[in-house]
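**Q** Spelled out, the chains give:
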Amino acid sequence: MTELSTMEFHPQPQAGEAKPWAFPAPERGALPNGLTVLRCHRPGQQVVAVEVFLAAPLDAEPEGLDGVATIMARAFSEGTDKMSAEEFAAELERCGATLDAHADHPGVRISLEVPVSRLPKALGLIADALRAPAFAESEISRLVRNRLDEIPHELANPARRAAKELYKELFPATARMSRPRQGTEATVSAIDAAAVRAFYERWVRPSTATAVVVGDLAGTDLDALLAETLGQWTAAPGEARAAAPITADDTGRVVIVDRPGAVQTQLLIGRVGADRHDRVWPAQVLGTYCLGGTLTSRLDRVLREEKGYTYGVRAFGQVLRSAADGTGASLLAINGSVDTPNTGPALDDLWKVLRTLAAEGLTDAERETAVQNLVGVAPLRYETAAAVAGTLADQVEQHLPDDFQAQLYRMLAETGTVEATAAVVSAFPVDRLVTVLVGDAAEIAEPVKALGIGEVTVVTG
Amino acid sequence: MPMGHTATAEAGSGGLTATEHRLANGLRVVLSEDHLTPVAAVCLWYDVGSRHEVKGRTGLAHLFEHLMFQGSGQVKGNGHFELVQGAGGSLNGTTSFERTNYFETMPAHQLELALWLEADRMGSLLLALDDESMENQRDVVKNERRQRYDNVPYGTAFEKLTALSYPEGHPYHHTPIGSMADLDAATLEDARNFFRTYYAPNNAVLSVVGDIDPEQTLAWIEKYFGSIPSHDGKQPPRDGALPEIIGEQKREVVEEEVPARALMAAYRLPHDGTRECDAADLALTVLGGGESSRLYNRLVRRDQTAVAAGFGLLRLAGAPSLGWLDVKTSGDVEVPVIEAAVDEELARFAAEGPTAEEMERAQAQLEREWLDRLGTVAGRADELCRYAVLFGDPQLALTAVDRVLSVTAEEVQAVAKARLRPDNRAVLVYEPTHAEVQDEDEEAGQ
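As they're listed, the protein sequences go chains U and G. Residue numbering for the first sequence follows UniProt numbering, starting at 1 and increasing by one per position. Residue numbering for the second sequence follows UniProt numbering, starting at 1 and increasing by one per position.
One chain only, chain U, in its complex shape:
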């Protein structure tokens, strides 16, 4: 066989003419019971996505009952005034539906996906769950035990263990954000059906909830359907919760969670920064992508594609809570895992990448590629109803206008290299990063101390 190819080469083709695409604009309305409804018709999307946001934030959980929002969210699918837990699960699956419910800092999210032909039935089930959840003692105690069983599995996972430690380091112990979203063994054990119902009665009501419905709705009389289902949900009006301001300590330091014998070190390096209400957000998104958005970003170009230390390291910004008054925040972080012997060299290179970025800035070519990708992938990213519904519901829970994503694409395209550089450099200052390493302390502690990236402490568990 010859090494030389015999194929005929052609020059790289040029792009054709781009077809217009815009992030879908939802229609906003409200039901008589106060429920806000966003709807969006997406032709051809036979699997409809429904997102319900409940303004029941984690910091509303009573003292000592961290996790009650999570148990409540899970208990929505464990029976109603008409059905037992087993019957409810069976009916939902008979619709070919999937249902996911989870509690996070801004509130509780319920995500339903169902073929459009069975939307009426599935929406009826969700409405019953919200209107008249059973919260039976037997089911709640089972969910509590199940949750307690999950905790050791999560702690054994290096990425999740790292996250737990980072939140604990960043936020004051009194802040809800410093503690695990789904509670600890001590707090979950204290949850019972009465606590779940009390939380539900205080924080869950149609007037502070929003439903987002996305999919091919051409053959569906959505108004009539909503009136029969979510429209039947009533509750007395309630208070709005004022969010506590977020403070964080990002003094540069290193915490090693000891895992003797670990073949890799899990890295999570982060701090708290601007959220999506801040004008810097588009530039921060762009700059963060250039730093660590993909395999050809600065971090992986060195750590993966030059050195082979990792399968991949990413930089990202994740909104923790967002508000129009500027009290929101996002977690700005770098994560990934590197092999144990190369932990010191990998961190050394990572810091070099950050220092070089601060000293020399991004290039116009980098900025151009990042914009092309971030803006260009939009039609791919939002092909499914679930993706559109998820982003619309994110905007709701973050108090953003319905056209935020559409405007974000416009602003990304208008953001220059200098702005993107300034944003990412101030997002990831080399001396204000908290580094959590889950790995073999005996192997990695000394090389990490030698880097001078902050005081190193070792914890176990």
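Careful, some of the hints might be misleading.
As the list claims (entries may be wrong) - List of simulated lysine to any residue pairs, SDA-like, C-alpha gap at most 20 Å:
{"hint": "1", "chain 1": "U", "residue 1": "K82", "chain 2": "G", "residue 2": "E291"}
{"hint": "2", "chain 1": "U", "residue 1": "K19", "chain 2": "G", "residue 2": "E369"}
{"hint": "3", "chain 1": "U", "residue 1": "K19", "chain 2": "G", "residue 2": "D213"}
{"hint": "4", "chain 1": "U", "residue 1": "K82", "chain 2": "U", "residue 2": "A132"}
{"hint": "5", "chain 1": "G", "residue 1": "K223", "chain 2": "U", "residue 2": "T6"}
{"hint": "6", "chain 1": "G", "residue 1": "K160", "chain 2": "U", "residue 2": "V263"}
{"hint": "7", "chain 1": "U", "residue 1": "K307", "chain 2": "G", "residue 2": "E144"}
{"hint": "8", "chain 1": "U", "residue 1": "K121", "chain 2": "G", "residue 2": "M359"}
{"hint": "9", "chain 1": "G", "residue 1": "K55", "chain 2": "G", "residue 2": "E291"}
{"hint": "10", "chain 1": "U", "residue 1": "K307", "chain 2": "U", "residue 2": "P345"}
{"hint": "11", "chain 1": "G", "residue 1": "K76", "chain 2": "U", "residue 2": "Q14"}
{"hint": "12", "chain 1": "U", "residue 1": "K307", "chain 2": "G", "residue 2": "G77"}
{"hint": "13", "chain 1": "U", "residue 1": "K307", "chain 2": "G", "residue 2": "G86"}
{"hint": "14", "chain 1": "U", "residue 1": "K121", "chain 2": "G", "residue 2": "E369"}
{"hint": "15", "chain 1": "G", "residue 1": "K76", "chain 2": "U", "residue 2": "M7"}
What the hints contain is simulated information worked out from the structure, not anything from laboratory work.
Starting from the known structure of chain U, arrange chain G on it as the hints suggest.
**A** For chain G alone, coordinates are given in the frame of chain U:
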């Protein structure tokens, strides 16, 4: 020149159609138009996977897949990634037992670029492949193995159960990630030979799905791929045939630092592409799919002996499929308690068969899974390639859901009775080496 024919929409295909073509060099092409969104998916399946690997070179197919992103004749360095992402596209590749796939999803006006890139590496990878990328990607893949398998609890369960399920020397005895020793042993010459043997137009299927002009697309495919020479260096894969029933219970107990006891098992099931495999899929869904399944209701809801319990199906065409049981115990519950309950439920199911309601639920679940898979251009492109490569007919992808819906309760019972028995499984039991008292969780998403 390619010869095409236009298929009319078959009943049950949801209005989707696909046309098939073949270039003179043997490259099979499948096109499917869909103008709902201005995107186009390109998917290329090479008929090579870990089952083609030889002793001492496990992991080579997957390592090679990484090398396909390290530049080719006209593409420098990481150009495959840079050019696609810079055009607003997304891309990746994956390796399984039976095939290696490469895919790009592009804004529709950038489709030609993706075709040019795939053709460039199919025809001229060896012009760019060098020691430097080999050494680098060897390290990357070893770190992938550590991250996904070696450094997570139960991470090597799949590898262990596969090795128990298929005998030593069987092409499916080892998994695509390969062993560290074999990854270390692979040479640049191995990689070159692998390319020369398996990467040829006549060993691949290309599908393009989405907002495309089929005539123009075919012309581009002819232009870029048409001159790549075919070759017949490939040996047929080793025979994966095995008896329908293992005939004994294989068993391994793993003592490791894991958070809880676990019972995992793999049942030997009919080959993908058969009606019996669809029936098995339904049986496993009734027994262990979702939160209304028999095992979930028994172990998690009623007995409360498990934190999670479920069944999955690994569909395989060149060897028996595997029905995958995974139960993590609750608290101090011991594995024999779980095992007795599982056996009881399976025996009852074999004796009674599914109820009408259970059939309806299982079929509704599998139908939605199919709608999800065919609902994106990338998913549809992948399924068209799958049916073309493994079963010789891409059109089967568009009617797969109808076949699942036509299976009867009697057929589901029959496959359960024949296959879901203790003498037809490999069992993996995890016993934690020490129980640490830990608490709490958190997750940093992206």
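**Q** Can you list which hints this structure breaks, lowest number first?
**A** Failing hints, ascending: 2, 9, 13.
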